[in-house]
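J.: Chain by chain, the residues:
Number of protein chains: 2
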Amino acid sequence: MDKDLLLKQFKEYQNRMAAFRFAMFQIRWDASTIAPSKSAAYRNKMMGVLVGDNMAQQRDPKNLDMLEKVSQMEDIDPLDKISAEKFLKAIRKFEKVPREEMVARQQNTAMATRVWEEAKKKNDFAMFAPYLAKNIEHNKKSAEYRGYEGHPYNTLLDDYEEGMTIERYDAFFGLLKEELVPFAKKVHTEGRPIDDSDLYKFYPKAKQREFLDYLAGAVRYDLDRGLISESAHPFTSGASLNDVRVTARYLENYLPASIFLGLHEMGHAMHSQQGDPAHEGKNLGGAGMGIGESQSRFYENYIGRSRAFWQRHFYKLQNIFPEQLKNHDPDSFYRMANRSKPGLIRLDADELTYPSHIMVRYELEREIMSGDVDVNKLPTMWNDKIEEYLGVRPTTDTEGILQDTHWSGGSFGYFPTYALGTAYGAQFYYALLKDIDVEREIANDRMEVINAWLQEKIHRHGGLLTPDELMIGATGSSFDPKNYVRFLIEKYTEIYF
Amino acid sequence: MDKDLLLKQFKEYQNRMAAFRFAMFQIRWDASTIAPSKSAAYRNKMMGVLVGDNMAQQRDPKNLDMLEKVSQMEDIDPLDKISAEKFLKAIRKFEKVPREEMVARQQNTAMATRVWEEAKKKNDFAMFAPYLAKNIEHNKKSAEYRGYEGHPYNTLLDDYEEGMTIERYDAFFGLLKEELVPFAKKVHTEGRPIDDSDLYKFYPKAKQREFLDYLAGAVRYDLDRGLISESAHPFTSGASLNDVRVTARYLENYLPASIFLGLHEMGHAMHSQQGDPAHEGKNLGGAGMGIGESQSRFYENYIGRSRAFWQRHFYKLQNIFPEQLKNHDPDSFYRMANRSKPGLIRLDADELTYPSHIMVRYELEREIMSGDVDVNKLPTMWNDKIEEYLGVRPTTDTEGILQDTHWSGGSFGYFPTYALGTAYGAQFYYALLKDIDVEREIANDRMEVINAWLQEKIHRHGGLLTPDELMIGATGSSFDPKNYVRFLIEKYTEIYF
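Quick mapping for you: the protein sequence lines, in order, are chains A and B.
Numbering-wise (our numbering), the first sequence opens with residue 8 and increments by one.
Numbering-wise (our numbering), the second sequence opens with residue 8 and increments by one.
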């Protein structure tokens, strides 16, 4: 077949896949934000049809052959070549997993998620246990079918962050356990106490929303190409550079939730909005979950929880909530916003205790994937580890092992990227410091300078570089978790001692 | 090919078409309500891909052959047989129109709509004229390609309401011109004046929204299977019986806009929510634009603008707006809500003057489709007719010929269904009166009784009956516009004399 015809077919394929993703983006966004409660059955049926058609197109031998040929062409647009390779790679990833196994797995996770929701409400781990056991089984089978190097968990870890292995995560969490866990305990027992009770006053939702709009301006999240909506679990979703949306969650008796989860999602959104337009619709993906999380955490923690940020923006917040925050100034608000306290819930954790929550999940997943863990013992194993690293112990499974949705959705290997990404963020932060006076730029409301650096070093590369390549390109060296430990110890020493 | 295989292919085709419609519903709903301003380009590109793929599937000779065979099977589910017939009919409708002509037409309407928006803003008909001329040309060509009986306009009229012709519309509008136009003039000159200035006070949007939620309950519009959103031009859109959404528009200095446009859209929504679940996803369509409009008008006018409705619901409204409505009671509010005054804008017209706006459009379309009307003379022709029927004359084209989007979108033959549907509503109303004490049921908050009647006579039939069949089945006789004239004359005589 001649080259022009092949490329024409490839473009059609690319467009068809992009249009499918676009439709799914719209459907899922709607379902997670505003769809009527009883609309689910018809939507699920229609999504099933769309997914089925798309799968058939992906597995069509004619298409596979076409992708194969395009991926081997030499004198074409390099982005098209990479695009064809990425299509092939995604299809081949699960090629060795039998179709029945894929279907059985999908059916179990759909059911497991529903059961988990109820189990969490009722604090009834026993009803969830058989579904969790099946999800674990499917993950183990998947690793066996697909193959692995060294350890079956490695295949899953690599899915979420290319190049990551048990060895690398062990080293990472080992350092945190050695240095950060004892430091956090010292902060909690010996640090000067911080009274953050003013954050628990009544903060009306509409006013919180007003401040989120202001924050979008502060970080330069472009609302002509974005949108702030509302959902139970905040998330970011995008169709193109010109349509990247976030959702927020408002707690009227706890101000930080909307602010910091908002900045977190806006960080994800900036990552997408600052991407390269040339990549659009080409299935080039992103650099991985860890790199993704490094950007959301960058805006949330390294920018949003910094002293300079509140020097610049506190008085605006106080204008919106004059009564609630009348006794505060930028410095006292900064301290309140960074108060550290060991807790049971990952999503409510502060910057210092957050990695311990992830460590617990990583260690449990590691054991699960290593051998024959009795699912019924997992709640106790969970509680023991939380107590060991955080000094508090869950009294219910709702506040323990049932708190997160990931395992019900069949995701193992995902959790560790949360801590990894946060740690990446510290390394990016120190690299940024070498080029830019970060505190001065933040205090002078010049976020575009910082954004430009992130765009140049990270955002514009999209899925073209591996996490390692990206890290070396941006910071001059491979990932080193010492940056993260250093950042947290310096920051919290200054606040607490 | 054996029957089972054919039916299997047919089901797949049906599902694929339904999934396409579902995706388009989600995309368009999003675009009309919340999508970021700069998201249009990528969305349009993706929609183009989806539409192109869908068109290819529809025109695939293998699919046409399959539909042909299924439509001729005798011993299958009758709904599947009708479904296959409807698919074929829709494809064949434009079969004789060359593809280049279809594409050229679509491109011109897309462009024309954008130009119209600007022309309306700038009150500059001249910039819109060439696009309007092309849209007219495409409609004329389409009627020639497709063929017509008696008059090319008949083909377009039938598109929007099956069975309608120039002869029938001439008779309908002729009666309105003879009886309603002079009666309305008498109301405006000799009727007791109604002071409705209290409707123009400040009515905060959030409070109007609160009342709309209440109204949804009042008419039994199920919000577990629906949603009230916001958009510049209110509309109703649905994916299934369990997901039928409306949008509202709030004017903070004019209360009736959200209430009556809201009830109008909820009427459309009830029509869909009360459909037959067995029809879902089968492409059976609806009975036509006129029947559709008869149901929205039913809830807006025959229920919502009735005295009984405000006897029941006024005090709730007054609870929400105690200051603004302190000088009113159900009766005075009823009179204000039905005040008639000749105006220039169709969408703001009251029940009595509304049909005159449609008459103007119908007569112009009739002339346009009959011969060689000079497009540049249309604004003056418009203004002359408005003055003749309403006694007021537009001083700008923005308030004249440029006010509506329909012609920019290439729709000719659509407008008359608005008046027709409203008139249908009156005939349904008198039929309902024979079975049910409507005023008492409304006053006793028993809308479910009325809804059940509408469901039985109209809603459940979906697209299975023609408008004529539906009208005869529900009311015992063919459409007779005298019901409409009688209703309006009796109602407004009681209010004004």
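Hints in this document: simulated from the structure, not taken from any laboratory.
If you're wondering where the values come from, they're calculated on a predicted model, not measured in any experiment.
Among the hints, a few may not be true.
When chains are identical, the list treats them as one kind, so a pair holds in a single copy or across two.
[Said to hold, decoys possible] As a list, the in silico EDC-like pairs of lysine to aspartate or glutamate whose alpha-carbon atoms are at most 20 Å apart:
1. Lys52 - Asp283
2. Lys45 - Asp283
3. Lys96 - Glu330
4. Lys69 - Glu185
5. Lys129 - Asp166
6. Lys489 - Asp355
7. Lys18 - Asp60
J.: Within a copy, between copies, both or neither: which one fits Lys489 and Asp355 at a CA-CA cutoff of 20 Å?
T.: Neither way: Lys489 and Asp355 sit 25 Å apart in one copy and 68 Å across, limit 20 Å.
J.: First find the shortest C-alpha distance between Lys18 and Asp60 inside one copy, then the shortest across copies, and answer within, between, both or neither for a cut-off of 20 Å.
T.: Both. Shortest intra-copy (18 Å) and inter-copy (14 Å) distances satisfy the 20 Å Cα cut-off.
J.: If the cutoff is 20 Å on CA atoms, where do Lys129 and Asp166 land: within, between, both or neither? Let me know, please.
T.: neither (33 Å within a copy, 55 Å between copies)
J.: How would you classify Lys52 and Asp283 at a CA-CA limit of 20 Å: within, between, both, or neither?
T.: Only across copies: Lys52 and Asp283 sit 18 Å apart there, 35 Å inside one copy, limit 20 Å.
J.: Since the copies are identical, ignore which copy is meant and state whether Lys69 and Glu185 lie within 20 Å (CA to CA) inside a copy, between copies, both or neither.
T.: neither (54 Å within a copy, 68 Å between copies)
J.: Tell me, please, which holds for Lys45 and Asp283 at an alpha-carbon limit of 20 Å: within, between, both or neither?
T.: For Lys45 and Asp283, the Cα distance is within 20 Å only across copies (16 Å; inside one copy 39 Å).
J.: Are the CA atoms of Lys96 and Glu330 at most 20 Å apart within a copy, between copies, both, or neither?
T.: Intra 56 Å, inter 67 Å, cutoff 20 Å: neither.
Checked against the numbered hints above, the structure breaks hints 3, 4, 5 and 6 and satisfies the rest.
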